[in-house]
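**Q** Residue numbers (this note's numbering), protein chains in the order written: chain Y, 2 to 383; chain V, 2 to 383.
The hints are simulated quantities; they were obtained by calculation from the structure and are not laboratory data. Wrong hints could be hidden among the right ones.
25 Å max Cα-Cα, derived DMTMM-like pairs, lysine to aspartate or glutamate [what the hints assert, rightly or not]:
(1) Y:Lys245 x Y:Glu127
(2) Y:Lys49 x V:Asp119
(3) V:Lys242 x Y:Glu127
To be clear about the criterion: a stretch of chain Y counts as covered by chain V if any three or more of its residues have a C-beta under 8 Å from a C-beta of chain V, and this derived list gives those stretches [to be verified]:
(4) 30-38
(5) 131-141
(6) 151-157
(7) 262-274
For every residue, glycine included, the Cβ atom is placed at its ideal position computed from N, Cα and C.
There are 2 protein chains.
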Amino acid sequence: MLQKKVLLVDPIRSGGVVPDGIKRELLEYLDGYSTCLYCTGDLHELRKPNIKKLVESLEEFIDCDYVRLVHGAREGMFTVMFAMFKEYVLKGARAPVVVADGNAHYTSILAAERSMLDVVFTATTEHPEYCVVAEDYEKKISEVEREHGKPPLLALVTYPDGYYGNLPELKRIVDICKSHGVPVLINAAYAIGRMKFSLRDTGADFVVGSGHKSMACTGPIGVLGIVGREAEIVLRKSKFKEEKEVELLGCTVRGAPAICLLKVLPYLKKRVVKWDAKVNIARYVADRLEKELEFRLLGERPRRHDLLHFETPRLYEISVKIRDRFFLYKELKKRKIIGIKPGITKRMKISTYLLEKEDANYFVDSLVEIVERFEKYGFTNR
Amino acid sequence: MLQKKVLLVDPIRSGGVVPDGIKRELLEYLDGYSTCLYCTGDLHELRKPNIKKLVESLEEFIDCDYVRLVHGAREGMFTVMFAMFKEYVLKGARAPVVVADGNAHYTSILAAERSMLDVVFTATTEHPEYCVVAEDYEKKISEVEREHGKPPLLALVTYPDGYYGNLPELKRIVDICKSHGVPVLINAAYAIGRMKFSLRDTGADFVVGSGHKSMACTGPIGVLGIVGREAEIVLRKSKFKEEKEVELLGCTVRGAPAICLLKVLPYLKKRVVKWDAKVNIARYVADRLEKELEFRLLGERPRRHDLLHFETPRLYEISVKIRDRFFLYKELKKRKIIGIKPGITKRMKISTYLLEKEDANYFVDSLVEIVERFEKYGFTNR
Numbered sequence: 002m003l004q005k006k007v008l009l010v011d012p013i014r015s016g017g018v019v020p021d022g023i024k025r026e027l028l029e030y031l032d033g034y035s036t037c038l039y040c041t042g043d044l045h046e047l048r049k050p051n052i053k054k055l056v057e058s059l060e061e062f063i064d065c066d067y068v069r070l071v072h073g074a075r076e077g078m079f080t081v082m083f084a085m086f087k088e089y090v091l092k093g094a095r096a097p098v099v100v101a102d103g104n105a106h107y108t109s110i111l112a113a114e115r116s117m118l119d120v121v122f123t124a125t126t127e128h129p130e131y132c133v134v135a136e137d138y139e140k141k142i143s144e145v146e147r148e149h150g151k152p153p154l155l156a157l158v159t160y161p162d163g164y165y166g167n168l169p170e171l172k173r174i175v176d177i178c179k180s181h182g183v184p185v186l187i188n189a190a191y192a193i194g195r196m197k198f199s200l201r202d203t204g205a206d207f208v209v210g211s212g213h214k215s216m217a218c219t220g221p222i223g224v225l226g227i228v229g230r231e232a233e234i235v236l237r238k239s240k241f242k243e244e245k246e247v248e249l250l251g252c253t254v255r256g257a258p259a260i261c262l263l264k265v266l267p268y269l270k271k272r273v274v275k276w277d278a279k280v281n282i283a284r285y286v287a288d289r290l291e292k293e294l295e296f297r298l299l300g301e302r303p304r305r306h307d308l309l310h311f312e313t314p315r316l317y318e319i320s321v322k323i324r325d326r327f328f329l330y331k332e333l334k335k336r337k338i339i340g341i342k343p344g345i346t347k348r349m350k351i352s353t354y355l356l357e358k359e360d361a362n363y364f365v366d367s368l369v370e371i372v373e374r375f376e377k378y379g380f381t382n383r
Numbered sequence: 002m003l004q005k006k007v008l009l010v011d012p013i014r015s016g017g018v019v020p021d022g023i024k025r026e027l028l029e030y031l032d033g034y035s036t037c038l039y040c041t042g043d044l045h046e047l048r049k050p051n052i053k054k055l056v057e058s059l060e061e062f063i064d065c066d067y068v069r070l071v072h073g074a075r076e077g078m079f080t081v082m083f084a085m086f087k088e089y090v091l092k093g094a095r096a097p098v099v100v101a102d103g104n105a106h107y108t109s110i111l112a113a114e115r116s117m118l119d120v121v122f123t124a125t126t127e128h129p130e131y132c133v134v135a136e137d138y139e140k141k142i143s144e145v146e147r148e149h150g151k152p153p154l155l156a157l158v159t160y161p162d163g164y165y166g167n168l169p170e171l172k173r174i175v176d177i178c179k180s181h182g183v184p185v186l187i188n189a190a191y192a193i194g195r196m197k198f199s200l201r202d203t204g205a206d207f208v209v210g211s212g213h214k215s216m217a218c219t220g221p222i223g224v225l226g227i228v229g230r231e232a233e234i235v236l237r238k239s240k241f242k243e244e245k246e247v248e249l250l251g252c253t254v255r256g257a258p259a260i261c262l263l264k265v266l267p268y269l270k271k272r273v274v275k276w277d278a279k280v281n282i283a284r285y286v287a288d289r290l291e292k293e294l295e296f297r298l299l300g301e302r303p304r305r306h307d308l309l310h311f312e313t314p315r316l317y318e319i320s321v322k323i324r325d326r327f328f329l330y331k332e333l334k335k336r337k338i339i340g341i342k343p344g345i346t347k348r349m350k351i352s353t354y355l356l357e358k359e360d361a362n363y364f365v366d367s368l369v370e371i372v373e374r375f376e377k378y379g380f381t382n383r
């Protein structure tokens with residue numbers, strides 16, 4: 002902890018911290034179009050800087066047939082949904098519906114809405130686990146088939162979701178969807194870059210990952226991975242500009258974020274193999290907070306992700322008593338711990354991704370100290 | 002010139018060079034989601050960093066009702082075209098056609114193709130000027146009306162185009178389109194950030210600009226400006242997430258490029274008022290190259306933009322004689338002049354945007370020296 006300036010526990014930011022050395026290297030790529038001096042007509046074919054090699058390395062990293070750089074996971078989901086909509090819904094083959102897990106991120110809903118698609122959500126188990134019920138894909142897909150006389154356009158699985166960090170049973174879900182001939186898109190914005198991920202192993206067709214969320218990358222950037230024949234739909238070439246892919250509008254991430262991903266990928270390959278240690282820290286923090294502060298952990302058990310979501314009644318009671326919703330935020334900031342949502346006290350959502358064991362102890366000790374002091378002395382005796 | 006490491010004459014990169022001081026300030030914003038620590042639900046409403054103020058300043062800078070950050074000019078054009086398609090084409094009010102100037106950039110064609118729209122091009126004058134014929138909008142719009150029984154969805158004007166740097170008669174074109182009730186989108190990727198631009202003055206509905214192309218900004222980023230009632234269509238809120246704009250998928254440029262634009266805007270405000278001096282340099286370079294090397298300037302005269310496109314028969318003859326298409330690229334690189342397309346000798350497209358008078362002389366003198374030497378001694382006697 003002592004080497005670090007601050008401890009960052011923000012779930013959306015902990016996986017996106019760029020190594021300092023790479024930041025300095027990026028200085029010379031911060032000009033606009035820094036990717037494009039040796040343009041040969043397509044970003045993904047560029048050899049200098051070697052974006053083509055980046056794409057090939059990502060195809061290996063994600064284990065899929067094709068990778069394309071996109072502006073983020075949401076833009077990747079929209080690209081898939083809208084391309085599929087034009088091919089299958091407009092031509093009458095499929096219903097304008099995405100069957101999505103009940104924990105799906107709001108951006109998947111926006112991507113569907115923008116693509117003129119309805120979203121049907123599968124059930125989750127009750128409080129406090131909120132696990133996606135794999136079998137409910139069977140039920141929801143069948144309902145769409147009955148109602149529309151054709152299968153839904155797409156199934157979406159958020160792996161893991163950003164609320165509870167739950168990892169759904171991918172294999173089971175994909176098997177169900179495939180038995181109905183429904184293509185599957187995985188939103189792995191919280192997985193790719195943190196943990197090992199093989200699209201081929203899942204049996205799904207598409208995956209999106211987020212550079213700025215989990216791939217230690219300057220944003221905005223994301224990756225879209227594809228296995229199999231739907232690639233023809235999503236990566237179709239323009240009728241007018243033969244080398245350009247229509248759904249990507251030709252070239253996508255024409256600048257520094259693409260260079261950053263190129264430079265950071267070797268580091269990502271190393272860090273994903275240390276995922277178990279990251280999960281162990283998360284479990285350790287969760288255990289201590291449950292035992293010492295009676296925080297109530299939401300989501301599946303045992304934890305399999307660094308994202309932790311707690312109900313925190315003692316924090317809420319303090320905030321009511323001292324009439325200050327921001328006390329925790331301010332106290333943690335004094336201790337150089339940042340990333341807690343200011344003003345939220347009933348719940349706490351954190352990521353332990355950047356915490357080593359001693360940081361984890363410092364974080365929990367700080368919380369315990371703050372809570373006990375405020376409970377004992379309130380606001381006036383600080 | 003002596004202070005600079007290299008002279009950059011690349012048309013797509015000369016307007017996107019970020020001032021060094023701002024590059025260093027960006028170092029602390031290179032982590033993923035660097036915009037989002039104090040998220041209040043919408044990027045454009047953020048107060049820390051002050052993206053809301055950036056948006057308001059841009060609304061003033063571009064002189065329009067609404068500005069949104071987008072991933073680039075092409076993404077902005079797609080956002081407009083697709084939103085308008087859903088509102089007007091799918092509901093039967095307009096024909097699925099964009100009437101575009103004959104010099105339109107390929108990305109406008111891709112944006113239309115992705116939006117399921119056809120493109121009808123207006124005429125340009127002949128070689129060597131290739132000026133957009135304003136009156137042809139009247140003819141092409143009328144043809145669409147006759148063929149489809151309804152007006153085209155949208156008119157597009159590229160201001161200026163990226164091939165010849167021609168500035169079409171905006172006012173005249175917009176008047177024609179408006180007399181047919183056709184909304185107008187201006188692609189100002191080569192204008193906004195270089196020269197003063199007022200969307201309100203043009204009478205058009207939409208404009209897109211490019212951060213990485215002309216706004217001295219780390220890419221990818223662009224701006225979408227809107228005047229008037231079509232804003233309701235393009236900026237409609239989600240039915241499911243009430244604070245989120247559907248066509249933007251919630252938030253767009255969530256990272257360093259947005260911070261860069263925030264920091265660079267005061268500099269842009271200053272540089273656009275010096276546009277006349279930039280044009281004078283372009284004219285000076287064009288004059289010298291025409292006189293001294295018989296380069297043939299394409300595009301309108303007098304020049305009103307830093308983008309210069311020449312036919313260069315003497316360069317081509319040298320390349321044939323010495324059997325090396327890359328001689329010019331290599332010779333210029335030796336002299337620290339970069340940005341000429343390697344291997345292209347029949348034509349030369351450059352931007353003089355970054356050249357001061359002495360740089361301009363160094364550039365022209367270098368070309369003259371190279372051409373005369375190769376013509377005299379060929380390749381073997383270098």
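**Q** Can you confirm whether chain V covers the segment 151-157 of chain Y, using C-beta to C-beta distances below 8 Å and requiring at least three such residues?
**A** It is violated: at least three residues are needed, and the segment 151-157 of chain Y offers just 0 whose Cβ sits closer than 8 Å to chain V.
**Q** Regarding the pair lysine 245 (chain Y) and glutamate 127 (chain Y), is the alpha-carbon distance no greater than 25 Å?
**A** 47 Å, violated
**Q** What's the verdict on lysine 242 (chain V) and glutamate 127 (chain Y), does the C-alpha distance respect the 25 Å limit or exceed it?
**A** Holds: lysine 242 (chain V) and glutamate 127 (chain Y) sit about 23 Å apart, inside 25 Å.
**Q** Quick check: do three or more residues in the segment 131-141 of chain Y have a beta carbon closer than 8 Å to a beta carbon of chain V?
**A** It is violated, with 0 qualifying residues against the three required.
**Q** Would you check chain V against the segment 262-274 of chain Y, counting CB to CB pairs closer than 8 Å, and say if three or more residues qualify?
**A** violated (count 0)
**Q** Take the segment 30-38 of chain Y, compare each residue's beta carbon with every beta carbon of chain V, and decide whether three or more fall closer than 8 Å.
**A** Check passed, 7 qualifying residues.
**Q** Would the pair lysine 49 (chain Y) and aspartate 119 (chain V) pass a check requiring their Cα atoms to be no farther apart than 25 Å?
**A** Between lysine 49 (chain Y) and aspartate 119 (chain V) the Cα gap is close to 35 Å, so the pair fails against 25 Å, i.e. violated.
Violated hints, listed in ascending order, are 1, 2, 5, 6, 7; each of the other numbered hints is respected by the structure.
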